[in-house]
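Note that the protein sequences, when read in sequence, are chains A and B. Heads up, the first sequence is in my numbering, so the first residue is 1 and it goes up one at a time. Heads up, the second sequence is in my numbering, so the first residue is 1 and it goes up one at a time.
No wet-lab data here; the hints were simulated from the structure. No residue lacks a Cβ here, since even glycine has one placed at the ideal position from N, Cα and C. Heads up, a few of these hints could be off.
Some chain B residues judged to face chain A by a derived CB distance under 7 angstroms, without partners named [claimed, not checked]:
| hint | residue |
| --- | --- |
| 1 | Pro59 |
| 2 | Asp113 |
| 3 | Arg116 |
The list that follows gives simulated cross-link-like pairs (lysine to any residue, SDA-like), each with its CA atoms no further than 20 angstroms apart [said to hold, decoys possible]:
| hint | chain 1 | residue 1 | chain 2 | residue 2 |
| --- | --- | --- | --- | --- |
| 4 | A | Lys23 | A | Val272 |
| 5 | A | Lys23 | B | Met154 |
| 6 | B | Lys186 | A | Ala71 |
| 7 | A | Lys202 | B | Asn133 |
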Amino acid sequence: MTREPSYQELAFFPGCTLATSAKENYQSLVTFCEQVGYRLSELPDWNCCGSSSAHSIHGEAALQLPARNLALAPKRGTLLVACPSCYLRLRQTQTLLLRDPELSSRFQSTWGVSPPHELEILPFLSFLSSLDLHSFFSEAGKALHGLRCAPYYGCMLARPAAMPVSRPMGQVMEKVLSRLGADSCRWGHATKCCGTFLAAAKPDIVTPRINAMMDEAVRAGAECIVTACSMCHFSLELRATRTPRIPVFHFSELLSLAAAREPQNWFKRHLVDPVPLLRSKGLLS
Amino acid sequence: MQKNSKKKYAPGRDRSEVGQPEALRLGREGGSFLEELREATRTEFRHCLQCRSCSGGCPFVEAMDLGPSKVLRLLQLGLRDQALQNSTIWICVGCHTCDGNCPMAINIPAVMDFLRQKALQRGVPVPEPDILNFHREVLSSVAKYGRTHKLEIMLRYKVRTGTWFEDLDAGIRMLAKRKLDLLPSKIQDPEAMRRIFASTEVGP
Ligand code: SF4
Ligand code: SF4
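All chains should be built: construct the whole structure from the sequences, respecting the hints.
Here it is, written out as structure tokens:
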């Protein structure tokens, strides 16, 4: 892989899921970013953004947990956020602080700094769609040739409509997958909700929905589902009970596989082993 | 309604921002509660047309007793207690599918958040105690470590709900794949979490 002569540093917010149950998402993301010339530097001492639970039952924590992260973030430039749910919490808080002078001065007195109004908070897919991937594509070639995928964005990246992302990401998974030789199926669930906390707290509610999604993906011809969100990945892998269950990839895993072309040790962490599929397609030796 | 003099952030393309004729007032009950709701959510539930697009698109409507459109209707009718005591506000995951479909751009998830937190403050019985317990375990983990420790959350959730043997398979599969770390990841500044959770109205 031809590398940039030097890496560009990029501030990065991983969030709890990537730091723990979805380490494979973390590792593959870091690997891919290095391959395209970016070195991620984790926000020092970041905390949980509050996830669904804070805004569900604790309005103050829902505001202050993301606020502390914003206080730790660089004043300007870009903060890359891997998890769409963390992205939404951080962006919503930044927007609130920008529009509400009262909250903004509370922020200042609580955290001793002013809110980073000029910081661009960017979800991974927006970041990706704004990169020049020319050399990545020419190195990777058709590394995912023939793999039939159902790209799954989840609900957090598209909504709410009132808060559009600063750099559009329209169909970036489909575009990148097709450049790498994979096929993207059209299916009806690409931006549906995976159930988030209900996947942990109420499996009986989530399981039928997840099965219906996977059924639809298979009907549309997919051999695997590709997620943009590690929470969606968790729900799909853990709660699908139909047989057979098809493998679920983090999008970053396919990106770094395409660049590296060698077995990735994080595939071991999947609940549905994706290696047989990749082997049968000749994408792994 | 009166146009807002203070123009604050309105998640959702809230039409109260652009000025609209006074919405119909149906209920007389709970006036101050409803005012508080409008203020806190920065959205106008009274603009609801009862078209039911929200409930039609809600991914979890089948598990709910009412669905979002009926909750909005209860508010319009001023039936506060019923709006606070139902499974809908607890099952709602805040996915924003409903307000994406809403022709009046009402920020329904914000209304759900408000009602849920009010229900807790007022000690209204919670029809979905497992969901509340789950949120409490998540927040107590965040209060303690600054980050979520999933293994402890799941174990304590099981103890709280007495469902040790349900869903055991999922836990074992996750442990076997090392998806549940044994030790928590902690932040360096636990004092910050104490400050955030000290001002608690609805504690973890
Ligand atoms: S979609 Fe909007 S207008 Fe229609 S019922 Fe739901 S809240 Fe009311
Ligand atoms: S935010 Fe809540 S009510 Fe709205 S669609 Fe999602 S789960 Fe249903």
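Less than 7 angstroms between beta-carbons is the criterion; does B/Asp113 satisfy it with respect to chain A?
holds, 5 angstroms
Pairwise hint evaluation, A/Ala71 against B/Lys186, where the allowed Cα distance is 20 angstroms at most: The hint holds at about 18 angstroms.
Q) Taking the least C-beta to C-beta distance, is B/Arg116 closer than 7 angstroms to chain A? A) holds, 6 angstroms
Below or equal to 20 angstroms on CA atoms is what counts here, so check A/Lys23 against A/Val272.
-> Measuring from Cα to Cα gives roughly 16 angstroms; hence the hint holds.
Exercise for the section: Would you check the hint for A/Lys23 and B/Met154, treating anything up to 20 angstroms between C-alpha atoms as holding? Expected result: The given pair, whose Cα atoms are some 18 angstroms apart, holds under the 20 angstroms limit.
- Message: Can you verify the interface hint for B/Pro59: is its Cβ closer than 7 angstroms to any Cβ in chain A?
- Response: holds, 5 angstroms
Item to complete: Given the hint that A/Lys202 pairs with B/Asn133, test it: the Cα-Cα distance must not exceed 20 angstroms.
Response: holds, 11 angstroms
Checked against the numbered hints above, the structure violates none of them.
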